[in-house]
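Place chain B on chain A using the hints.
If you read the protein sequences in the order shown, they are chains A and B. Mapping of the first sequence onto this note's numbering: position 29 corresponds to residue 29, and the numbering continues sequentially without gaps. To convert a position in the second sequence, counted from 1, into this note's numbering, add 567.
It should be emphasised that the hints constitute simulated quantities derived from the structure, not laboratory data. Note that CB positions come from ideal geometry on N, CA and C, so glycine has one too. Careful: at least some of the hints might be erroneous.
Unchecked claim - Calculated from the model, a selection of chain B residues having no Cβ within reach of chain A, i.e. all distances over 10 angstroms:
| # | residue |
| --- | --- |
| 1 | Asp573 |
| 2 | Asn580 |
| 3 | Leu590 |
| 4 | Lys591 |
| 5 | Lys606 |
| 6 | Arg612 |
| 7 | Ala647 |
| 8 | Ser665 |
| 9 | Gly672 |
| 10 | Asn688 |
Claimed, not checked - Below, a list of computed lysine-lysine pairs in the DSS-like style, where the Cα atoms sit at most 27 angstroms apart:
| # | chain 1 | residue 1 | chain 2 | residue 2 |
| --- | --- | --- | --- | --- |
| 11 | A | Lys306 | B | Lys711 |
| 12 | B | Lys711 | A | Lys240 |
| 13 | A | Lys182 | B | Lys694 |
| 14 | B | Lys711 | B | Lys615 |
| 15 | A | Lys235 | A | Lys182 |
| 16 | A | Lys510 | A | Lys273 |
| 17 | A | Lys560 | A | Lys494 |
| 18 | A | Lys208 | A | Lys416 |
| 19 | A | Lys494 | A | Lys528 |
| 20 | A | Lys241 | B | Lys711 |
| 21 | A | Lys346 | A | Lys273 |
| 22 | B | Lys591 | B | Lys694 |
| 23 | A | Lys45 | B | Lys694 |
| 24 | A | Lys416 | A | Lys97 |
| 25 | A | Lys346 | A | Lys240 |
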Amino acid sequence: MITSHDYSPERPIKRSSMYQYNDNDQILVDERVAQFRRQTEQFLKGEISEDQYRALRLRNGLYVQIHAPMLRIAGPYGLFNSKQLRKLAHIARTYDKNYCHFTTRQNVQFNWPKLEEVPDILEELASVQMHAIQTSGNCMRNTTSDHLAGVCIDEIEDPRPYCEIIRQWTTLHPEFDYLPRKFKIAVSGALHDRAATQFHDVGLHLVKNDAGETGFKVIVGGGLGRTPVIGQVIKPYLEKKHLLSYLEAILRIYNLFGRRDNKYKARIKILVKESGLDKFFTLVEQEWQLIRDGNELSNERINAMKAHFVEPAYQADAVLDAGFSEQQQENKAFATWVKHNTASHKIPGYHAVFLSLKAPDSPPGDMTDTQLDAVADLADQYSFGEIRSTHRQNLILADVKQAELFALWQQLDGLKLATPNIGTVTDMICCPGLDFCSLANAGSIGVAKEINEALDDMDYIHDIGDLKINMSGCMNGCAHQSVGHIGILGVDKKGTEWYQITLGGSSENKAAIGERLGPAVAKNQVTKAVTTILDVYVKNRLNDESFLDMVNRVGITPFKEQVYANN
Amino acid sequence: MQIIKDKQIIDDNWSYIADDADLKAGNISVSLARWHQDKAQLLSREGKLGVRIGPADVVDDLAPDLKTIQLIELDFTDFADGRSFSQAWLLRGRHHYSGEIRATGHYMTDQVFYLSRVGVNAFNPEKVEDLPIVLANLNDFTVKYQHSIN
Numbered sequence: 001m002i003t004s005h006d007y008s009p010e011r012p013i014k015r016s017s018m019y020q021y022n023d024n025d026q027i028l029v030d031e032r033v034a035q036f037r038r039q040t041e042q043f044l045k046g047e048i049s050e051d052q053y054r055a056l057r058l059r060n061g062l063y064v065q066i067h068a069p070m071l072r073i074a075g076p077y078g079l080f081n082s083k084q085l086r087k088l089a090h091i092a093r094t095y096d097k098n099y100c101h102f103t104t105r106q107n108v109q110f111n112w113p114k115l116e117e118v119p120d121i122l123e124e125l126a127s128v129q130m131h132a133i134q135t136s137g138n139c140m141r142n143t144t145s146d147h148l149a150g151v152c153i154d155e156i157e158d159p160r161p162y163c164e165i166i167r168q169w170t171t172l173h174p175e176f177d178y179l180p181r182k183f184k185i186a187v188s189g190a191l192h193d194r195a196a197t198q199f200h201d202v203g204l205h206l207v208k209n210d211a212g213e214t215g216f217k218v219i220v221g222g223g224l225g226r227t228p229v230i231g232q233v234i235k236p237y238l239e240k241k242h243l244l245s246y247l248e249a250i251l252r253i254y255n256l257f258g259r260r261d262n263k264y265k266a267r268i269k270i271l272v273k274e275s276g277l278d279k280f281f282t283l284v285e286q287e288w289q290l291i292r293d294g295n296e297l298s299n300e301r302i303n304a305m306k307a308h309f310v311e312p313a314y315q316a317d318a319v320l321d322a323g324f325s326e327q328q329q330e331n332k333a334f335a336t337w338v339k340h341n342t343a344s345h346k347i348p349g350y351h352a353v354f355l356s357l358k359a360p361d362s363p364p365g366d367m368t369d370t371q372l373d374a375v376a377d378l379a380d381q382y383s384f385g386e387i388r389s390t391h392r393q394n395l396i397l398a399d400v401k402q403a404e405l406f407a408l409w410q411q412l413d414g415l416k417l418a419t420p421n422i423g424t425v426t427d428m429i430c431c432p433g434l435d436f437c438s439l440a441n442a443g444s445i446g447v448a449k450e451i452n453e454a455l456d457d458m459d460y461i462h463d464i465g466d467l468k469i470n471m472s473g474c475m476n477g478c479a480h481q482s483v484g485h486i487g488i489l490g491v492d493k494k495g496t497e498w499y500q501i502t503l504g505g506s507s508e509n510k511a512a513i514g515e516r517l518g519p520a521v522a523k524n525q526v527t528k529a530v531t532t533i534l535d536v537y538v539k540n541r542l543n544d545e546s547f548l549d550m551v552n553r554v555g556i557t558p559f560k561e562q563v564y565a566n567n
Numbered sequence: 568m569q570i571i572k573d574k575q576i577i578d579d580n581w582s583y584i585a586d587d588a589d590l591k592a593g594n595i596s597v598s599l600a601r602w603h604q605d606k607a608q609l610l611s612r613e614g615k616l617g618v619r620i621g622p623a624d625v626v627d628d629l630a631p632d633l634k635t636i637q638l639i640e641l642d643f644t645d646f647a648d649g650r651s652f653s654q655a656w657l658l659r660g661r662h663h664y665s666g667e668i669r670a671t672g673h674y675m676t677d678q679v680f681y682l683s684r685v686g687v688n689a690f691n692p693e694k695v696e697d698l699p700i701v702l703a704n705l706n707d708f709t710v711k712y713q714h715s716i717n
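Bound-form chain A, shown alone (with noise of 0.2 angstroms):
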């Protein structure tokens, strides 16, 4: 039931820079509602089959799950305001069972809504500007980016201006929504590559050529799931005004001679293999010079864009404060979470935190109402008012002056959210797995949440360091096993759960696919072996040397031996 209480009453902050709708754009969400409704009903009165509206509904983020159905809502590139997370605890409240769950995608999932309740869902998102508009289906995805995008160091222009751009053109395209198979674009402007933009049916990276201009490098045909594909380069330089056509010579090309005779063979990544990336790149190319003229991304266009994005209001003098030092040398544990879960800023005196969603008592991704009624005040208090949703499924305050730190960690503390482990070993990618997928073989967060119990020795976990383990609990690779430095995939074994171990695998700039380790090891041997891989490579790295760099030196051998020793 929808009421007419405002949640999140706007209070007088300062806001940051983040798309904000006009009319059009409002319109649009509310047709899309109001033709979901009518879908809904339709379908309920069986005027329309199963199959079609199952097309439909997807289309609007809704999966039939094993105990109802899930709900999934787009994260435009991972960016959320303070009224929106109240959305989101009212929605959990009222429809849900009061939690909800991000994902790698930068996407929010509600586990149990009703399924007649979903356009009432629909309908008070779009009241703060969110919809679930092609998060599912055959269609074009939403596009994500570099949750520090706009604040990191190492930045050659902000994506995301470009990300909305994209955003608006994917929406409701009317060529493009029923592809052979689902369609990801990801968009990274640093140099050190957040996006997995390598694992995307489209990676985009912001580049400058030889005059110094920006454009676009264009990456194509990646993709993780049952068979992993790192992503091959198909224009390393693409000027800004044509990204559009090109996107749209590519998707033309991918709708009219994509793979449909096997859904497992009809990503774009088949089509590339299969025709190879020289032909693959001649239909684009003679599609696109077709189309590419009178078809241009204005200068106007970009620079309206670009207004949404401008930079909050950063006080100068913000790095002027001293208590912020001497905090950290009175306080260890604040010490820690700075050096593990805050990242560098480019304005001086403010820092990026991230939100550990992965406390050791709670599936990782999950986050209850009241913690997002939490995170909304304090966005609003320190962070001009915007939250960030990561690939690696935790939360980001972009903009936190370090004077304020202190205060805004202890108060995530308090909810739980401030466990100092980002990047660490127990920040786990992990599925919903059995315990609410269809389509999975086995469970994941039981298993996360065993390997969680047995690293309880955060100065362990702390002097393993970078260590990046991703658990899917099947073949769709949700959590994107085969790219973490130690994956995790669930297998069913004539109805018993075992799990295969890679190692190895990497998203970031120098893409790689794990190495699988060898036979999958039972369900109560998981943690075992991920605790033995962790003491082989204590025993062995090489001073500084970090676990995937050691992998990569010694092989999987010394791992394998110690692993399968008493086997």
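Below, chain B alone, put in the same frame as chain A:
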């Protein structure tokens, strides 16, 4: 039989002639294969000509003949096969085809707004009772984010 053309319900005066059936008088449409095979015979008869294309047919193959074709039917075998959307776009946007493009077969009434945007201007619904639904759904959205044909 009635269809929708240019947002009006009208009587359909076209017949589709199966590949193994004899041609008949009046406005007829044939498969792309038959078009290529019997083009001369088709062009020598009276009445308008149409071609029915499936999602796997290559639109460019029809390009030289478009001036003699008054109807192109996009035959959906499965509503999920989105190639027909690009075929419509190519016919209008690339080959500047100005005749009737009609959706037929197993498409959804919930797809007609998108179809109209890529240049489809006529709809032969699976069930006659869907005619008013198609008409209404053509107005699902009053705003759009990107260029297409319409």
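Results for each hint:
The claim that Asp573 (chain B) lies off the interface holds: its Cβ sits roughly 18 angstroms from the closest Cβ of chain A, which is beyond the 10 angstroms cut-off. The claim that Asn580 (chain B) is not at the interface with chain A holds, since no C-beta of that chain comes within 10 angstroms of its own (minimum 28 angstroms). At roughly 31 angstroms from the closest C-beta of chain A, the C-beta of Leu590 (chain B) stays outside 10 angstroms, upholding its exclusion from the interface. Separation of Lys591 (chain B) from chain A is adequate, the least Cβ-Cβ distance of about 33 angstroms exceeding the 10 angstroms criterion.
Separation of Lys606 (chain B) from chain A is adequate, the least Cβ-Cβ distance of about 24 angstroms exceeding the 10 angstroms criterion. A cut-off of 10 angstroms between C-beta atoms confirms that Arg612 (chain B) is not in contact with chain A; the least separation is 33 angstroms. Some Cβ of chain A comes within 10 angstroms of the Cβ of Ala647 (chain B); the nearest lies about 6 angstroms off, and the non-interface call is violated. Every CB of chain A is more than 10 angstroms from the CB of Ser665 (chain B) (nearest about 19 angstroms), matching its label as outside the interface.
Listed as outside the interface, Gly672 (chain B) is consistent with that label: its C-beta sits roughly 14 angstroms from the nearest C-beta of chain A, beyond the 10 angstroms cut-off. For Asn688 (chain B), the requirement that its beta carbon stay farther than 10 angstroms from each beta carbon of chain A is met, with the minimum near 14 angstroms. Between the alpha carbons of Lys306 (chain A) and Lys711 (chain B) the distance comes to roughly 21 angstroms, so the proposed pair stays at or under 27 angstroms and holds. Distance check on the hinted pair: Lys711 (chain B) and Lys240 (chain A) sit about 22 angstroms apart at the alpha-carbon level, within 27 angstroms; holds.
In summary, the hint linking Lys182 (chain A) to Lys694 (chain B) is not supported, as the alpha carbons are separated by about 30 angstroms, beyond the 27 angstroms threshold. As the CA atoms of Lys711 (chain B) and Lys615 (chain B) are separated by approximately 35 angstroms, the hinted pair breaks the 27 angstroms bound. Between Lys235 (chain A) and Lys182 (chain A) the CA atoms are separated by roughly 22 angstroms; this keeps the pair inside 27 angstroms, and the hint holds. At roughly 20 angstroms between alpha-carbon atoms, Lys510 (chain A) and Lys273 (chain A) fall within 27 angstroms of each other, so this suggested pair holds.
Distance hint between Lys560 (chain A) and Lys494 (chain A) is fulfilled; the C-alpha atoms sit about 25 angstroms from each other, no more than 27 angstroms. A C-alpha spacing of about 42 angstroms is found between Lys208 (chain A) and Lys416 (chain A), which places the hinted pair above 27 angstroms, so the restraint is violated. In summary, the hint linking Lys494 (chain A) to Lys528 (chain A) is supported, as the alpha carbons are separated by about 23 angstroms, within the 27 angstroms threshold. Distance check on the hinted pair: Lys241 (chain A) and Lys711 (chain B) sit about 20 angstroms apart at the alpha-carbon level, within 27 angstroms; holds.
Annotation: proposed proximity of Lys346 (chain A) to Lys273 (chain A) is violated, straight-line Cα distance about 40 angstroms (limit 27 angstroms). The straight-line distance between the Cα atoms of Lys591 (chain B) and Lys694 (chain B) is roughly 25 angstroms, inside the 27 angstroms bound, and the hint therefore holds. Distance check on the hinted pair: Lys45 (chain A) and Lys694 (chain B) sit about 17 angstroms apart at the alpha-carbon level, within 27 angstroms; holds. Taken as a hint, the Lys416 (chain A) and Lys97 (chain A) pair is honoured in the structure, with Cα atoms around 19 angstroms apart against an allowance of 27 angstroms.
Taken as a hint, the Lys346 (chain A) and Lys240 (chain A) pair is honoured in the structure, with Cα atoms around 24 angstroms apart against an allowance of 27 angstroms.
The structure fails hints 7, 13, 14, 18 and 21 (numbered hints given earlier, in ascending order).
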